[in-house]
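**Student:** For reference, the chains in residue letters:
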Amino acid sequence: MKKGLVKLLALLLVLAVATPLVAQVGKSSKPSKDWKIALVPKDSTNAWFVRMEVGVKQYAKDTGLNAFQKGPAKTDAAMQAQVIQDLIAQGVDAICVVPVDPAALEPVLGEALKKGIVVVTHEASFQENTMYDIEAFNNADYGAFIMDNLAKAMGQKGLYTTMVGHVTNASHNEWADGGVAHQKATYPGMTLLAAEPRVESEDNLEKAYERAKELFKKYPNLKGIMGTSSKDAPGVARAIEEMGLKGKVFVSGTGLPNENKTFLKDGTLAAATLWDPKDAGYALCSLATKILKGEPIADGLNLKLKGYESMHFAPGSKKVLLGSGWIVIDKKNVDSFGF
Amino acid sequence: MINMRRMAKRSEPYVFGAIVLLCLLIQVQSKQFFTGNNLVDLARSMIVPALFSIGAMMVIVSGGIDVSFPAIASLAMYATDRILLNVNYSGNVMLAYAMAAGFGLAMGAVNALLIGVLRLPTLVVTLGTSSLFTGIMQGALAASESPVPPSILAHGKEKLFTATNTQLGLTSDMPSQILILLGALLLVFLLLRYTMLGRGIYAIGGDEAAARRAGFNVVGVKVFIYCFVGAMAGVTGMVRASMMMNAHPTNLLGMEMTVIAAVVLGGTRVTGGLGTLTGTMLGVALMIILSNSLILIGIPTYWTRVFTGAVIIIGTGVTAWQAGGSGRRLASSGTGL
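Protein sequence lines, in the order shown, are assigned to chains A and B.
Going left to right, the first sequence walks through residues 1 to 339 as our numbering numbers them.
Going left to right, the second sequence walks through residues 1 to 337 as our numbering numbers them.
By construction, these hints were calculated from the structure, which means they are not laboratory data.
Do not rely on the hints blindly, as some may be mistaken.
[Said to hold, decoys possible] With a cut-off of at most 25 Å between alpha-carbon atoms, the simulated BS3-like pairs for lysine-lysine come out as follows:
1. A:261 <-> A:331
2. A:248 <-> B:31
3. B:157 <-> A:331
4. B:159 <-> A:248
Given the sequences, and given the hints that come with them, work out the whole structure.
**Tutor:** If you want it as structure tokens, here you go:
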């Protein structure tokens, strides 16, 4: 019994290693009305992916193609692999995936590729068994974009600092570095607070709020905080409101619409930035269709969607495509997202 | 007994001295320590850790250790929040506190059963239940950040007064939840000082067999402690949710270490039998002042952990040295207990 299990595992392992990168072509011989394009999110109950499905439905409506979303009921790598297995059995033509755990999906995605199914991924830049991976943006560019929003609110002058979840978090620090580099190149009137150039919020609303209060007490000249973690902007905004600094001190950063609604509406927070999962869902379907049609995928790829009009390969990669798919959430559009 | 308590008291002046030194350092470095709004900010930050530390101190005094209170607080708060949101509750906030206390009590009863009745080791049990309660929250309730009902939101916005910093014109609000902390302190003070139950908590922590022979119902006292601490954790979870105006399922987790460190820093003996509320509050004050003043002192983020660690080691070291010192003095003077 045990031996049999080991043999099975070994076989799976061999399959997993042997199958990647087969048939990068993917052009379908079927007429396009028969294509089935499935998007598998991490978790179909999560608000983020409920929003992504809106993009998939929009794509199906715009193109008349059979595109749909089907995901596990909770964030679980094994359940997600099962969903993909079922889709392969149903004979879909393309699978778009946002993996829970990219490594855990390698075998099943390898199997899909072997069967000639088009596989594209999102938020999985190290996935082996995929044709292409879409990332909404380049980290440094996104940081520069947050900085643009802060600079606009601060009138392009004054002292500012940056806040990250943890100083060890790779993407937060890449955003902050990108923002600081952009400020140095573009906004000479602004200065980075040398004594505290990077503050930690521990991805915690309460800590972001406490750290901001300390900063405002210690550095009365501080005019802005660039947030990166989604907890930074709302936490700092609370401190600004309570301390009576509205209109004098500004914050920008990543933020979910619902969490920031109050502060955006009363003007404490000028703008929150985000990438819209709806657009990512739309872009994934659009990319899968291009491959099915046999169109070449090259640098400068246009998926005919704002933020994804001119996608570039990440340096040194032939699979990872970067867009500039971020959006600004402000007073005017905050109610239109539904997440 | 009385001598023991007096001995514990002797470590309090050292913690107090450390706080005074730290405050002076912050004042010199920032000129901002002794301002109304800074003191209000600190009091506000103390509320949740102080509420937790009262329960943690009771458990440690009784000879146990509890690491499950953040998980109990999170699950009690989150379950209450979701139920109230589902029924569109808009009534009094007291019901929310009562429900959270009820959930906390139920979870505390699980600890009480395993520790008090089945006599399993406290650390193992509470590590297990901590994981269990977190699992229920993340699995069964599929917890994610969620808003709070309107009455809790309104309660979160209540303030007792607003302190203004005349130098910089900054203002800070004192949240009404501080009254809950003061109430809990009074209740536990009376319990520990004037009831046989309170005496029992010290007695079983000092020597369980002796306490049993002296006629204390050891199982009963333990069951009471874990149920009470569970209910307090539930209330604390709701305090945090109302102060943040948002129910965050994981944001309290990991706090147990800071809280236990504060309790020990305040002179509570880890092996049980010794500990005071005054010492505990001083320990919490030291930890909170420290973690909320590193920017004011001017320590760069990269060095904050080194600084915090050093203060904890020096602080607990002095406390331990002091306790050892009095023990030696006690032994050499031959007074005994």
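**Student:** Just to be careful, I want the Cα atoms of residue 248 of chain A and residue 31 of chain B compared with a cutoff of 25 Å; is the pair within it?
**Tutor:** holds (22 Å)
**Student:** Residue 159 of chain B and residue 248 of chain A were given as a pair; does the straight-line alpha-carbon distance stay at or below 25 Å?
**Tutor:** holds (23 Å)
**Student:** For the pair supplied as a hint, residue 261 of chain A and residue 331 of chain A, is the alpha-carbon distance within the 25 Å limit?
**Tutor:** At roughly 8 Å apart (the allowed maximum being 25 Å), residue 331 of chain A and residue 261 of chain A satisfy the hint.
**Student:** Quick one, are residue 157 of chain B and residue 331 of chain A close enough, alpha carbons at most 25 Å?
**Tutor:** Holds: residue 157 of chain B and residue 331 of chain A sit about 22 Å apart, inside 25 Å.
Comparing the model with each numbered hint stated earlier shows that all of them hold.
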